Amino acid sequence: MDPSRREFLEGTGAALAVAAVAPALDAQTPPAQAPAISVDPSVPRTIIRVTVNGVVRRIEVEDRWTLVELLRDRLALTGTKIGCDRGECGACTVLMDGKPVYSCSNLAVWADGKSITTVEGLVTNGRLSPLQQAFIEHDAPQCGFCTSGQLMAATALLAANPRPTAPEVRAAMVGNLCRCSGYNHYVESVLAAAGSGARSTGAGGQP
Amino acid sequence: MKPQRNDNAASSSPAPLKTLGHSTPRIDGVERVTGRAKYTGDVQLPGMLYARVLRSPHPHARIKSIDVSKARALAGVKAVITHENGQVVWGAGSVAGGTQYNDEIKKITKQRRYTFNNPVRFVGDPVAAVAAVNRHVAEEALQLIAVDYEVLPFVLEPEDALKPDAPKIWPEGNLALNARNEAQPNTQRRGDVAQSLKTSPHVFEDRYSTSFVHNAQMEPRAAVAHWEGDKLTVYTPTGGIANCHHDIARDLGIPDEKVRVVCQYMGGNFGNKNQNQDADLIAAVLAKQAGAPVKLEMSRKEDFIGMHGRWPTVQYYTVGVDNDATLTSLKLRGYSGMGPYRKNSGAMGGLELYKCPNVESVISPVYTNRTVSGNFRGPEFPQGFFGAQSMIDDVAYKMKMDPVEFVIKNMSRMSRDEVPYTNYSLDECIRRGAAQFDWKARWRPQPGSDPGPKKRGAGFAMMIFRSGLGQSSAVMHLDSKGQYTLFVGVTDVGAGAKTTMNLIAAEALDVPLSKVTVVWGDTDRCPYSVGESGSRTTIMTGYAVVQAAADIKKQIAEKGLPAGDAVLIASATPSPRLEGKVRSSYGAHFVEVEVDTELGGVHITKYTTVHDSGRIMNPLTAVSQIQGAAIQGIGQALHENLVYDARSGQPLSAGYYFDRVPTHQDAPTIEVTFIESDDGYGPFGAKSMGEAGIILSPAAIANAIFNAIGRRMKDLPITRDKILGALA
Numbered sequence: 001m002d003p004s005r006r007e008f009l010e011g012t013g014a015a016l017a018v019a020a021v022a023p024a025l026d027a028q029t030p031p032a033q034a035p036a037i038s039v040d041p042s043v044p045r046t047i048i049r050v051t052v053n054g055v056v057r058r059i060e061v062e063d064r065w066t067l068v069e070l071l072r073d074r075l076a077l078t079g080t081k082i083g084c085d086r087g088e089c090g091a092c093t094v095l096m097d098g099k100p101v102y103s104c105s106n107l108a109v110w111a112d113g114k115s116i117t118t119v120e121g122l123v124t125n126g127r128l129s130p131l132q133q134a135f136i137e138h139d140a141p142q143c144g145f146c147t148s149g150q151l152m153a154a155t156a157l158l159a160a161n162p163r164p165t166a167p168e169v170r171a172a173m174v175g176n177l178c179r180c181s182g183y184n185h186y187v188e189s190v191l192a193a194a195g196s197g198a199r200s201t202g203a204g205g206q207p
Numbered sequence: 208m209k210p211q212r213n214d215n216a217a218s219s220s221p222a223p224l225k226t227l228g229h230s231t232p233r234i235d236g237v238e239r240v241t242g243r244a245k246y247t248g249d250v251q252l253p254g255m256l257y258a259r260v261l262r263s264p265h266p267h268a269r270i271k272s273i274d275v276s277k278a279r280a281l282a283g284v285k286a287v288i289t290h291e292n293g294q295v296v297w298g299a300g301s302v303a304g305g306t307q308y309n310d311e312i313k314k315i316t317k318q319r320r321y322t323f324n325n326p327v328r329f330v331g332d333p334v335a336a337v338a339a340v341n342r343h344v345a346e347e348a349l350q351l352i353a354v355d356y357e358v359l360p361f362v363l364e365p366e367d368a369l370k371p372d373a374p375k376i377w378p379e380g381n382l383a384l385n386a387r388n389e390a391q392p393n394t395q396r397r398g399d400v401a402q403s404l405k406t407s408p409h410v411f412e413d414r415y416s417t418s419f420v421h422n423a424q425m426e427p428r429a430a431v432a433h434w435e436g437d438k439l440t441v442y443t444p445t446g447g448i449a450n451c452h453h454d455i456a457r458d459l460g461i462p463d464e465k466v467r468v469v470c471q472y473m474g475g476n477f478g479n480k481n482q483n484q485d486a487d488l489i490a491a492v493l494a495k496q497a498g499a500p501v502k503l504e505m506s507r508k509e510d511f512i513g514m515h516g517r518w519p520t521v522q523y524y525t526v527g528v529d530n531d532a533t534l535t536s537l538k539l540r541g542y543s544g545m546g547p548y549r550k551n552s553g554a555m556g557g558l559e560l561y562k563c564p565n566v567e568s569v570i571s572p573v574y575t576n577r578t579v580s581g582n583f584r585g586p587e588f589p590q591g592f593f594g595a596q597s598m599i600d601d602v603a604y605k606m607k608m609d610p611v612e613f614v615i616k617n618m619s620r621m622s623r624d625e626v627p628y629t630n631y632s633l634d635e636c637i638r639r640g641a642a643q644f645d646w647k648a649r650w651r652p653q654p655g656s657d658p659g660p661k662k663r664g665a666g667f668a669m670m671i672f673r674s675g676l677g678q679s680s681a682v683m684h685l686d687s688k689g690q691y692t693l694f695v696g697v698t699d700v701g702a703g704a705k706t707t708m709n710l711i712a713a714e715a716l717d718v719p720l721s722k723v724t725v726v727w728g729d730t731d732r733c734p735y736s737v738g739e740s741g742s743r744t745t746i747m748t749g750y751a752v753v754q755a756a757a758d759i760k761k762q763i764a765e766k767g768l769p770a771g772d773a774v775l776i777a778s779a780t781p782s783p784r785l786e787g788k789v790r791s792s793y794g795a796h797f798v799e800v801e802v803d804t805e806l807g808g809v810h811i812t813k814y815t816t817v818h819d820s821g822r823i824m825n826p827l828t829a830v831s832q833i834q835g836a837a838i839q840g841i842g843q844a845l846h847e848n849l850v851y852d853a854r855s856g857q858p859l860s861a862g863y864y865f866d867r868v869p870t871h872q873d874a875p876t877i878e879v880t881f882i883e884s885d886d887g888y889g890p891f892g893a894k895s896m897g898e899a900g901i902i903l904s905p906a907a908i909a910n911a912i913f914n915a916i917g918r919r920m921k922d923l924p925i926t927r928d929k930i931l932g933a934l935a
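Chains A and B, in that order, are what the protein sequence lines are.
Residue numbering for the first sequence follows this note's numbering, starting at 1 and increasing by one per position.
Residue numbering for the second sequence follows this note's numbering, starting at 208 and increasing by one per position.
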């Protein structure tokens, strides 16, 4: 396939994936951004097949790209953030085949054959997920920069353990730093979304 | 958690309002949880280049030569700048006396900082910058720059830096110059401390010290610069678009109206970002030279060593006490490590909390070859309050008194013992906190008396924080459909300013929240706002919103509602002043810890806070502020330290993992109670909030650790090794 043709198709796909969820929530949503970067033809590249937020893609990536570079810069899914780019903070957490991973610490080529879910994929049929709703109601995000990572970690937790205790939430999300330190509200939100809010009481942060 | 309200509190409790004072989710909550909120790093412009910065690997060195020819020749590189071809004075980067927001002082500042400095004065001082077609090429190009350094001797500790044989970081010496370019420590005196110490029956002396604590906001520093003709747009994480905008124009020597600064969402502030940064200037120069938009991104390590954090301190106290446990004298000799440039004051708060006739404070802000210090949430207080309130706590035990009783006996109820406050509730904060925490049951009269190996103890600290008034602006439009548009130059750094301004406008106009659209974070669209520093935005910009609303209501009364395409426009730039009074917020924190005397770990088992921040605009976000601040304070108390290797001058813990910021598992439940007041100033009586919660947290935790183990921990952070050492 002609590389320029392939890029065009992938760009359109990215735009459609975002547009499918946006209008139902907010008519003022800005249009999806064009892919920020194209592949550099002078470096090693690989074509991978990856499902991103339910959309199957065949896409050429540079071998040196991390997964978060692919998501943010190529697919314009900028909801996933880079906080440290070295596996310390969790701001870049996405789901890979349902498991939370640091997308800064995975190469894009390793996503070949996998299914990736980002924060943009949590809205279904124009509705926020119960976790997203609880995050708003309990004022979990302060600056909001760690929020998508916290959401992805919490989404994976509730899929595996629908009624976690507060210590279980803290243990599952320990890899997601929040410098605003809104940890209390994050834990409350997850418990509320799980319907186990009554178990949030009790002093002490450690399990 | 739901905040507890002051149902049975002071008679000054304000009457409830319609919109303010009710827990309201943020108006931009959907943007924050869907990834749609755009931060600086998310900005993508057509043809945009990526920039990287080469930084000094030496703590102190002279650059003999730089060869950028190979970097420039690399395919895809569009611009390379160094001190030879891209030099700009960074006015906010070093200013005499640490006096930000003052052009005159920036002009006369002798010890200037440039975008690229020679000599380089700390590991991380920028040496060169590259713009290239993508970040990989930019990083590759950095490797091709050859710098020939003459390595110079360096000094890391402020007390060492003042010794006569210390390496000189500046020709004038290592004591940072004040706002008049004089090498003088900051000195405050009242009464006669020397005489009083001679006659006091009890005199206590001790030394306390605190570490460099990095802001470590989650969003790594970035800047996007874009020239369209002679107009420069900069997207950058700044807490103050107006000040940042003016700083960029001044430093680049272009008119203010030729600069636009945009920052709507920002991934955490925590201080010293109400101005421009070198990244903004470097991106602007690269974009000019390359003829294309440039996005400069810093790595996490660069952010840790290239930006700023709380200044480390050394504090020597001498305290005189009468036989009846009344303070007679307070003396502090302090040293603050500023790094090699002067961004802020280097002050230490604490002594002003006490009523005492004889006070002397001599504080030396000192240059070192560490990374640069600056304001971090409650700039001079958490470190100063830790020293002062640990010292006084210790004196209370030595005078055989309950520390709460000793403090209530000796605290000042006037500002600096002289000027009355607009309202005063610190006694009430302490009393309520002690009751809710159950101080009498949790505090050990005999420190370290639990049988162990896990020992519990309780400690407390108090705080007073400035809540002054000042100038800020707001503009309001009303269209014929009844929709208001509020233009305010705030940035949403995390405290929720945008939502707060919407709430204040809705209250003042007596309309539903949705009838007001907020336009924010763009200097081309919004009037001056004071900026997100000093916990001032709600007070100052909020008051301007109240005034603009009053103006538009007056216009409606006079002219009626606008019809058709007509729009009513109101603006306000009030400069309210206090006459003969000081305005402050107050608070008290009570902490119970459990110390593992075998492994040295500290586990917080109860954390109770009581704050008076005036009328609470939005209890939901207010609780977030206090909880987050207290937990940040736990990090400062127990973990965080940008450690330097004494022999090489290299930073060893520049990142989240080794700096050890608090995680989910370090965060106890922070109980929050507000004592509300309305002193008649500010918007509906609002006072400072954002910084209030952190500044007493380290002191309260340290005092609780003493109560648990009977050993006074005098050096922050109180890590396991120090506790085990104290118990050995």
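It should be emphasised that the hints constitute simulated quantities derived from the structure, not laboratory data.
Check each hint, because a few of them may be wrong.
To give a feel for the contact side, a few chain B residues facing chain A, derived at Cβ under 8 Å [claimed, not checked]:
hint, residue
1, Arg243
2, Thr525
3, Leu676
4, Val774
5, Thr876
Quick list of in silico lysine-lysine cross-link-like pairs, DSSO-like style, CA-CA up to 30 Å [claimed, not checked]:
hint, chain 1, residue 1, chain 2, residue 2
6, B, Lys225, B, Lys605
7, B, Lys562, B, Lys495
8, B, Lys245, B, Lys317
9, A, Lys99, B, Lys245
10, B, Lys508, A, Lys99
11, B, Lys375, B, Lys438
12, A, Lys114, B, Lys225
13, B, Lys562, B, Lys788
Keep in mind the model is a prediction, meaning the values are calculated, not measured.
Even glycine gets a Cβ: it sits at the ideal position worked out from N, Cα and C.
task = Starting from lysine 114 of chain A, check that the Cα of lysine 225 of chain B is at most 30 Å away, please.
result = 51 Å, violated
message = Given a cut of 8 Å on the nearest C-beta pair, is the interface hint for valine 774 of chain B held or broken against chain A?
response = 20 Å, violated
query = Under the criterion of a CB-CB separation shorter than 8 Å, is arginine 243 of chain B in contact with chain A as hinted?
reply = 7 Å, holds
ask   = Per the CB criterion, is threonine 525 of chain B less than 8 Å away from chain A?
value = For threonine 525 of chain B, the interface hint is violated, since the closest Cβ of chain A sits about 35 Å away, which is over 8 Å.
query = Has the given pair, lysine 508 of chain B with lysine 99 of chain A, been kept, meaning a C-alpha gap of at most 30 Å?
reply = 28 Å, holds
ask   = With 8 Å as the cut and Cβ atoms as the points, is threonine 876 of chain B at the interface with chain A?
value = Because about 6 Å separates threonine 876 of chain B from the closest Cβ in chain A, which is inside the 8 Å limit, the hint holds.
ask   = Does lysine 438 of chain B lie within 30 Å of lysine 375 of chain B when you go C-alpha to C-alpha?
value = At roughly 41 Å apart (the allowed maximum being 30 Å), lysine 438 of chain B and lysine 375 of chain B break the hint.
query = When the nearest CB of chain A is found for leucine 676 of chain B, is that gap smaller than 8 Å?
reply = At about 26 Å, which exceeds the 8 Å cut-off, the nearest Cβ of chain A leaves the hint on leucine 676 of chain B violated.
key: Given hint lysine 245 of chain B paired with lysine 99 of chain A - CA-CA distance at most 30 Å   = 26 Å, holds
query = Regarding the pair lysine 225 of chain B and lysine 605 of chain B, is the alpha-carbon distance no greater than 30 Å?
reply = Not OK: lysine 225 of chain B and lysine 605 of chain B at ~51 Å, beyond 30 Å, violated.
query = Holds or violated: lysine 562 of chain B with lysine 788 of chain B, Cα cutoff 30 Å?
reply = 17 Å, holds
ask   = Taking 30 Å as the top limit, are the C-alpha atoms of lysine 562 of chain B and lysine 495 of chain B close enough?
value = 57 Å, violated
In the structure shown, a violation is registered for the earlier hints numbered 2, 3, 4, 6, 7, 8, 11, 12, in ascending order.
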